[in-house]
Amino acid sequence: MRTLNKTVLYGLYLDEEILLDAVREIREEGNEIWDVFTPFPVHGLDPVLGLKESRLHIAGFVYGLFGTCTAFGFMTWVFTRDWPIIFGGKPYFSAPSFVPITFEFTVLMAAVGMVITFYLVCGLGPGITNPYLDPRITDDRFCIAFDVTGKSKDEVEALRALLNKTSADETNIKDI
Amino acid sequence: MGAHHHNQPIQDNPKFVFDNKLKVFTIALIALGIISLALTYFTGSEHAHIRFWTNLLQNAVFFTGIAFASLFFVATHTVAWGGWQTIFKRIPEAMMMFMPVGIILLGLVYAGVLTDATGTDFLYLWSDEEALKNDKLVIHKSAFLNPMNYLLTLVVIALWTGFAYMIRRLSTQQDADRKLRVVNYEKIHMWSAIFLPIAGFSSAFAIWQWVMSVDPHWYSTLFAWYATVSVWVSAICLMYLLILFLKTRGHLQYFTKEHTHDLGKYVFGFSVFWTYLWFSQFMLIWYANNGEETQYYFLRFEQFQGVFYLNILINFIIPFLTLMMNSAKRATGTLGFMAGLVLFGHWLDYYQMIKPGVWYNWEHAQHEKHEGHDKHDGKHEEKKEEHKEHSDVYRLNENNSPKAVLTDYQGDKHGVKDHTNVSPDSAHSHIDSTAHTHTDSLSHDNHDHGATGHEGHDHGDGHDHGKEAHDAHKDHGHAFVMGIHFPGLLELGTMLGFLGLFLFVTFTFLSKASLMPKNDPYIDESKHHHVWYDL
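Heads up: the sequence lines are chains A and B, in that order. Numbering-wise (the numbering used here), the first sequence opens with residue 1 and increments by one. Numbering-wise (the numbering used here), the second sequence opens with residue 177 and increments by one.
In isolation and in its complexed conformation, chain A is listed as follows (with noise of 0.2 Å):
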């Protein structure tokens, strides 16, 4: 298992709503939030934890873009240079032929492509087992998680209680 030799101090809220509202507070009040955890993709987190929009669908337009150029040049290059044939008495170059095949192949590059950047930038893989804090978050609770590593045992405390203020069901301490 790979290690972010990192301590966490993270709490546990039963509600999405809840959750939000205690991002919101907590960060109202200073404090820097290391992640939130939570079973499904809660909407309106991203803007309440001031996170930036994710860049991950410009970088799915350019890999149709590279899908696209790539069909309908390599479709293009076969049928005029590389191996002229002709089917259906139609031209080599017979554009609309090509576009089923560049669709299906801009959707396929898109798809992968970013199915693989998503996985590199969360560092995701096969093989790769990142630690976790707690097996329910991939369940029924919502997770607050702060970095506390080589904090003093009051700014941890502090936090502690941020977290039960802002009603979290409990509050844990791990190492990762």
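Everything labelled a hint here was simulated from the structure, so no lab data went into it. The model shown is predicted, which means the values in this text are computed figures rather than measured ones. Cβ atoms here follow ideal geometry from the backbone N, Cα and C, with glycine treated the same way. One thing to keep in mind: the hints can contain errors.
Simulated pairs of lysine-lysine, DSSO-like, Cα-Cα distance not exceeding 30 Å [unchecked claim]:
# : chain 1 : residue 1 : chain 2 : residue 2
1 : B       : K441      : B       : K191
2 : B       : K423      : B       : K191
3 : A       : K52       : B       : K433
4 : B       : K703      : B       : K312
5 : A       : K52       : B       : K703
6 : B       : K441      : A       : K52
7 : B       : K423      : B       : K197
8 : B       : K703      : B       : K441
9 : B       : K694      : B       : K363
Negatives, chain A to chain B, calculated, CB over 10 Å [said to hold, decoys possible]:
#  : residue
10 : F40
11 : T70
12 : G89
13 : A111
Starting from the known structure of chain A, arrange chain B on it as the hints suggest.
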């Protein structure tokens, strides 16, 4: 969250008043339309008034189609237990009430066909007595394409209107009586579920006759889908424009960026879907390269390139590239502009579905007249006989199947260019070439305009032959006719007139009921609808 998080009370005025200013505006538009239609009629005798008939038909079908799509919108969203559209559902509910007017408008076309008014023979070749005697395909299809079935399409609109009245009444009744909240919703749900399959089949039945039958020698199994999606996108665009207008007047204040986003997704998604159907129809015809099918695109490539390519630009390329981004779908200005553009684009789509076919019918009739004039000696008779012989040979070879009849017809039709180049005694080669004439000239044309490549390279002399045909063709000449080959000012005036009529009816019905369906079970879900958050 989102817009409502700050707990400010929302000032929403649910009572729309169709005031005099608006009435004058819409009536002025209607007057403009009537003047435009009258002018197209009185200036159109040179082309047998086909400009008038096509404009009437195009706009009647387009706006009736939008009304149909509005009813379809209400029905699909109810059947799918949709909630987000509830705050603005009075708008499609008012738009669909244009359908009875559609019966009158298409009734005018029907009356023209029945009374054999000048030009209707070219509008619908199946109503032409000459064609019914000589045109094998028109005879073949007369079991379906006839005035009786055309009358049935008006009955179809009446049936839709019945559903529209029923659903609208059940919905507005809820406003007065909270006890009807669930009872009426369930009734609307039931009537919607009954309407949808009927709508699917009957809209195809109607659109085949209204629009596809202007090209009675051609058919496409994708046509009904393609034409219906066209009015569906248009209905959503018009709905959004009406919402924007009503918002400026202090109504629909619960309509937020979240609803805008969903309508934006519709405009984007269905523009792509429309293109998918458009291209599927095109590619299958292009690939198979059968004369009876390619004639449809042949005509558009040869004489209607402007409308043809503008159609793709406005309805696919621009909305696709613009609305791809999330932020564009949520931006009022961008989506408003795109809605206006796409609405016009699909009006143009109906223009290019109707005008070329009718123009072709007219032009072909002129050719025949011309030919008949030229050859009043024995030669003509001889040629006719020869023709007959060819068809017999061809049909014998093909076991007299309907397809052989079709091919034979094409030979006749475009043979005009061909006959001039083939000597009468080379009968056999003539038969061979008739089957290809069409595609050859298509290929040549493509070559000129760089559209889709050039077919016909496999038949040895195909290319040269096409060139000859094309040259011969050029001698006949295709003069550009405003209002036929491209929409002119009178077309735009007519469109605005019909739009004015549509708005008049919509505003009338909007003013009859509260804009806020306050007892709809989904109203709260719709008021607090959110799918995304602004950063």
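Now the hints, each set against the structure:
{"no.": "1", "hint": "B/K441 to B/K191", "in the structure": "holds (29 Å)"}
{"no.": "2", "hint": "B/K423 to B/K191", "in the structure": "holds (12 Å)"}
{"no.": "3", "hint": "A/K52 to B/K433", "in the structure": "holds (19 Å)"}
{"no.": "4", "hint": "B/K703 to B/K312", "in the structure": "violated (59 Å)"}
{"no.": "5", "hint": "A/K52 to B/K703", "in the structure": "holds (28 Å)"}
{"no.": "6", "hint": "B/K441 to A/K52", "in the structure": "holds (23 Å)"}
{"no.": "7", "hint": "B/K423 to B/K197", "in the structure": "holds (17 Å)"}
{"no.": "8", "hint": "B/K703 to B/K441", "in the structure": "holds (19 Å)"}
{"no.": "9", "hint": "B/K694 to B/K363", "in the structure": "holds (17 Å)"}
{"no.": "10", "hint": "F40", "in the structure": "holds (15 Å)"}
{"no.": "11", "hint": "T70", "in the structure": "holds (20 Å)"}
{"no.": "12", "hint": "G89", "in the structure": "violated (4 Å)"}
{"no.": "13", "hint": "A111", "in the structure": "holds (16 Å)"}
Consistency with the previously given hints fails for numbers 4, 12, ordered from lowest to highest.
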